[in-house]
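Protein chains in written order, with UniProt numbering: chain B, 1 to 305; chain W, 1 to 305; chain A, 1 to 305; chain F, 1 to 305.
Worth double-checking, as some hints may not be accurate.
Repeated chains share a single entry, so a pair holds when one copy, or any two copies, can fit it.
Stated by the list, open to error - Lysine to aspartate or glutamate pairs mimicking EDC-like chemistry, simulated, CA-CA at most 16 Å apart:
(1) K282 x D265
(2) K242 x D151
(3) K242 x E114
(4) K81 x E104
(5) K47 x E104
(6) K242 x D188
(7) K47 x D151
(8) K282 x D255
(9) K47 x D255
(10) K242 x E41
Hints listed in this document are in silico derivations from the structure and should not be mistaken for laboratory results.
Since the structure is predicted, the reported quantities are computational estimates derived from the model, not experimental observations.
There are 4 protein chains.
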Amino acid sequence: MPIKNFRWFIEALSPEEGHLHGIQRALFSAQTPFQSLDIMELGSYGKALILDGKIQSSLLDEFIYHETLVHPAMLSHPAPKNVFIVGGGEGATLREVLRHPSVERALMVDIDEEVVNRCRELLPEWHRGAFDDPRAEVRFLDARRYLEETDERFDVIIIDISEPVEEGPAYLLFTREFYRIVHRRLTDHGVIALQAGTVSLSNLSCFTAIHQTLRTAFPVVAPYWATIPSFALPWGFSIASKGSDPRTFGPGAVDRLIAERIGPDLRYYDGQTHQMSFLLPKYVRRHLEEEKRIIEDNAPLFTFH
Amino acid sequence: MPIKNFRWFIEALSPEEGHLHGIQRALFSAQTPFQSLDIMELGSYGKALILDGKIQSSLLDEFIYHETLVHPAMLSHPAPKNVFIVGGGEGATLREVLRHPSVERALMVDIDEEVVNRCRELLPEWHRGAFDDPRAEVRFLDARRYLEETDERFDVIIIDISEPVEEGPAYLLFTREFYRIVHRRLTDHGVIALQAGTVSLSNLSCFTAIHQTLRTAFPVVAPYWATIPSFALPWGFSIASKGSDPRTFGPGAVDRLIAERIGPDLRYYDGQTHQMSFLLPKYVRRHLEEEKRIIEDNAPLFTFH
Amino acid sequence: MPIKNFRWFIEALSPEEGHLHGIQRALFSAQTPFQSLDIMELGSYGKALILDGKIQSSLLDEFIYHETLVHPAMLSHPAPKNVFIVGGGEGATLREVLRHPSVERALMVDIDEEVVNRCRELLPEWHRGAFDDPRAEVRFLDARRYLEETDERFDVIIIDISEPVEEGPAYLLFTREFYRIVHRRLTDHGVIALQAGTVSLSNLSCFTAIHQTLRTAFPVVAPYWATIPSFALPWGFSIASKGSDPRTFGPGAVDRLIAERIGPDLRYYDGQTHQMSFLLPKYVRRHLEEEKRIIEDNAPLFTFH
Amino acid sequence: MPIKNFRWFIEALSPEEGHLHGIQRALFSAQTPFQSLDIMELGSYGKALILDGKIQSSLLDEFIYHETLVHPAMLSHPAPKNVFIVGGGEGATLREVLRHPSVERALMVDIDEEVVNRCRELLPEWHRGAFDDPRAEVRFLDARRYLEETDERFDVIIIDISEPVEEGPAYLLFTREFYRIVHRRLTDHGVIALQAGTVSLSNLSCFTAIHQTLRTAFPVVAPYWATIPSFALPWGFSIASKGSDPRTFGPGAVDRLIAERIGPDLRYYDGQTHQMSFLLPKYVRRHLEEEKRIIEDNAPLFTFH
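Okay, chain B solo, but in the shape it has when bound:
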C-alpha cells in the first residue's frame, strides 16, 4: 500500500473504479469558464494536466499520446501544408505537427484561453517552444463554430479534446454534424485524427459509436489504439480521410517516411508501432461491427464523470 504520501488525486473511471495517484506537488488549480483546471505533479507520472478531474496528459507518457495522435495522420497525407488543431491546449500536439517540414501553417483553436496560458507557463516540456514557432497560430474560440464559418481548407485536422462529459465543453465535437463540417474543411487528400475514448472492454461504447459516426461522414475510417499508462485504461483513436488509408502503409514504408519527414527523435512511433496500432483484438473488432449508434447533436454521447 502506498505510504508516506497523504495527498491523493482520485480519478474516477466509472462509479465502481478509480485510479489513485499520489500528489507530489499541486502546481495550479482554478475553475475556468469551461472546466476545472489542475496542474499537479503526480508521484508515478510527473507533472500532469487534469481537466474536470481527468488526466489529459502526464510528463512520463504524453509522448505516447501525442505521437500516436499526430504522426499516422500526417504521414497519410502526401505533403501537409495547412494543419488545423481542435483543442490541444498543452501545445504538444502542435509540437508534433511542427516536426513536419512541409507544414506552413498550424492553426490551433482551443476554447479555453486560461488552460492554454497556464500550460504555456507551467508545462514547457510539453510545448517546447511550439507556441513561438512562426508557423503556429493560436486562437481562443469555439472550434466548431470556427470551422462552420471559415472558407479555409486544411490538409490535416487533428481533434485533440477532452472526453464528451455532460457538463464539459467537448461533447458537440463528437457528433455526425460536426464530422460533416470537418469533412468539408478538408482539402482533396485531407485526413483527420482524433482521440476516441477508451477501448477497455468495460467501456467500449464511446469508441465504437464514434467509429460508426465517423463512417457516416468519411469513406475511410481506420480505428487504432495505444496504451498510455497514466490513463489506466487502454485508449482508442481514429483516422478518417477522403481516401488515404494508413493501414495500407507497411512498417518499412512508414520508417522511410519518418526518416524523410520527421527524423530520429520519436520515442514511441515507428514502422512497427504503426503496424501494431492499427491491429485490434478480436473482441474490439466485433464490437465495432455490431455497434449501431450514430452520435448526433440531438442525441449526444456522454462519458462517465
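Take the given structure of chain B and dock chains W, A and F to it, following the hints.
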C-alpha cells in the same frame, strides 16, 4: 466520483499509484500458508481472484489473459501432447490448453492447494469443468522442485504464476537457473510461455530483465503483450523455445491453425490479434535491448508489493 | 499511510469527508428489504455492524454507546419495570437494560428481522445472551405503528435506531408526531432516551432540530453526548421525560444508584461520566437555543448519505 | 460517497484507519528543514494547517483547540504577566494569550520559521494581528534549548507542538527531562498547559504516559479534553502546576474570571465547558491510573506516522 459503494479494494501498483475497485460482494478471504487469498466481486469487473492484494484475473477480462498466455505457444508447436502448467490456480489456463485436441496430458502443478480448491468451488466460470477432464491432472507441489526431479518431458510448458514479490511464493520461478531447468524438460520442439510483468513505462524493468534472463536459456525468445483492463497497467508475456518462433506466423496461418485446432470460440485471439501482440512500441524495444540484468537465484528480482 | 491492507471501508461523513477503515475480514453482507447490512472486522475497531454504509457499533467502543444510551434514562426512573426498545438490532441495548433488576419486561421492536438474526449469530459479544433472557421479548414490526396501536405503557423507552437518511427506515421516528405517540405510551414517571446525531460543529443541525422537536412533546429535555471513536464525529443523545431531570443527579447520587442497581461492571458510565455527559460546550448550547426547526412527518429531516 | 471532488487528503490515524478530506484548494506546500508543511482548504473544515500529513488546526474548529489549550491555564494563575509559548506556529495560541490584559510579555519560540511565516501570510484568521501586538515576541529557536539556557521565569508556559512522531521535531519536548526544565522556568504560581495526544480508546497510551511523566515533575497534574472534529479522534490536554488546580474552580467562578479578564468573545470555553473538560469517562480514568510508563529522553514515545 464513485458513489453509493462503501467497500473498496485498493490495489497498490506502486508507492504512488493505486487502482480502486468497488467491492460488490466479498466471497472468500483467507490466509493460506503461501499468500493471502481473496475472491471478491468487483463493480466494474465481476468476480475476481486476488492474491496478496493483487488481481490475478477477473470475470470480465480473464479471457484476454488466458487466451494470450496459452494459444500462441500451443500453436507454435506442431502437435502438443504433453503440457505442463506451473501454477494456474484458477483452472482457466488448463481450460484453454484442453481446447487443443492433440493434448493427451495436461499436468498442472500449483503450490497452493487452498487457492485451487477455492477457485474450483467459487469460480466455475474459470475452469468450466477443466479440472474434471480425464486428460487433466493437478498436483499440489513446488513446481520448480517437481521439474528438477522428474524425467518427464513436455511439449509446452506454461508458467502462470503471480508476480515475484518478496514475500510471495513465485520469485524463484523467474530466474536463470529455473529457466534452464524448464529448458531441460522440453521435448525437441518444446515451447514455453509465461507472464512477464507490466510493460508500463513506469515499471518496465521486470519485463526487460525476464527477457534477458530467458535469452540465457533459450535460442528463441519472443516477447509479446496484451492489455487486460482489470490489471490497470498493460501486461507483458514471453514465448521462449528451442526453435519455433511465433513471429514467423502470419495472420492467415494463425487463423487456419485456430480453425483446425481450436474452433470458433475464442474471443480475443485470432490471426490479427496474434500479429498485434508480437509488435511492441519503439520505447519497449529500446528498453529490451538496453537491459543488462540477468535474474539469478542469488540475485532475485522483486516487484512492488 | 496505512500499509499492507488492501480492503477498505470508506464511511462517507459528508460529501467532503470520509472515515477510512481497513477491513480485516468481511463476515457477512446482504441487502435486507430495509437496508444494506454488513458485518466486518475492522483493523482498528474489531467487528462492526454497518447499515447502509454507516457504522452502528464496533467491538472496541460499543460499550460507550450503549452505556450512554441506556443507563442515564434507566436511573432517571425510580424503578423501571416495563421497558420498550425501538430498534436495537444488535441486542446490546437489551443487554444493558437487563442489568437493572427492577426490569420485568423488556420488549424490543425492530423492523429488520434479518439484521437481528445476523447479529444474534455473528455478534455474541454484543447481546451476550440477552436475547435468551426470560424477561426479553423481540418482535419484528414497525415500532411506530406498534406504539400507535398498543395500550401498553412503559417506564422507559429507548430509541436506538440508525440515522434518518432519506432512503432508510428511520426518518419517521424522529418527528414531532412520533414523539407525541411515545409520550402517550409512557407511565407517569416515564423517561425516554435516544441517539440524536452528531454534535460536530460542521453538522449540528440534526441534533439541534431533534432537541427542539422533543421540546414540543416533553416538559423535560436533557441533551447529552459521548465520544465514540469508531463514529469519527462526537455523538449526541437526549433524554426526555414527564418530569425527571438527569441533570439534577450529582455524581455521588449516580454512583450510589449504580452500585444499588447495576453493580461494578460498567466501563464507561459512572457519576463523573454522568456529570460530564450533560455538560455541553458553549457553541453547542448556543446552537440549541437558536434552533427553530421542528421536524414533522410532512417536513422530515434527512442526514447525509 | 463523496462526489465531484477528486483531490483528497488522507490523514493516516493508524495503519488501519484514516480520515479522508476533500481538498478544495491547495494553497501552499513545501518541505521545511523540520517537517512537511501544507496549507489546504478542505471541504468540510475550511483552511487547514497540515504538518507531516497531520492536521494541526482548521478554520472551522481551531477555536475549540486554542481556547481549550490556553484559557484554563491562564485563569489558573492569579495574574499572568510573562507567558512563554512553545511552538504555536499559527499564532492562534498567541492570539488567545493576548486576550488577557495582565499579560505584559508573550514570548513564542517555534523552531520552524517557514511554518510561522507562511501561517502569518496565509492564515490571517488564526493570528488576527497577534504577531504585531507590542507585547508579542517571536523567536525561531529550539524551545527546549532556549528554556535550558535562559534565566527568565514565566507565569504560564503553553506547549503547543505537533505530536511526537519519530521523524519530527517534537518528541524531545514530551519527556521527563523536558518537563523538569519547564518546571524550573516557572514563577511561584506557575502553570503549564499542553496538548497530550488523543484520548481515543484505540490509542490512549500517549495521553496516559504523558500524564504519568508530568506527575514526576509537577505536584498538580490535571488532565482534560476536548473534541475537535477535524482531528477525527477526541483530544487530550493537561495542565500541570506548582499548586493551582483548575478542577477546584466551579463553573460560576470560571464565568466570573472570564468576564473580568477575557470578555464575551469566546465561542467554546465558559464555566460549564470548563467543568465538562476536566471530567473524564471511567475508562480513561482507569487507564490513567494503570499507566506505568515514564517518557524519558532515552526512552522516547513516538506516535503513529
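Against the structure, the hints:
no.	hint	in the structure
1	K282 x D265	between (33 Å within a copy, 11 Å between copies)
2	K242 x D151	neither (18 Å within a copy, 63 Å between copies)
3	K242 x E114	neither (35 Å within a copy, 59 Å between copies)
4	K81 x E104	within (5 Å within a copy, 62 Å between copies)
5	K47 x E104	neither (31 Å within a copy, 50 Å between copies)
6	K242 x D188	within (7 Å within a copy, 52 Å between copies)
7	K47 x D151	neither (38 Å within a copy, 52 Å between copies)
8	K282 x D255	between (27 Å within a copy, 12 Å between copies)
9	K47 x D255	neither (31 Å within a copy, 44 Å between copies)
10	K242 x E41	neither (41 Å within a copy, 47 Å between copies)
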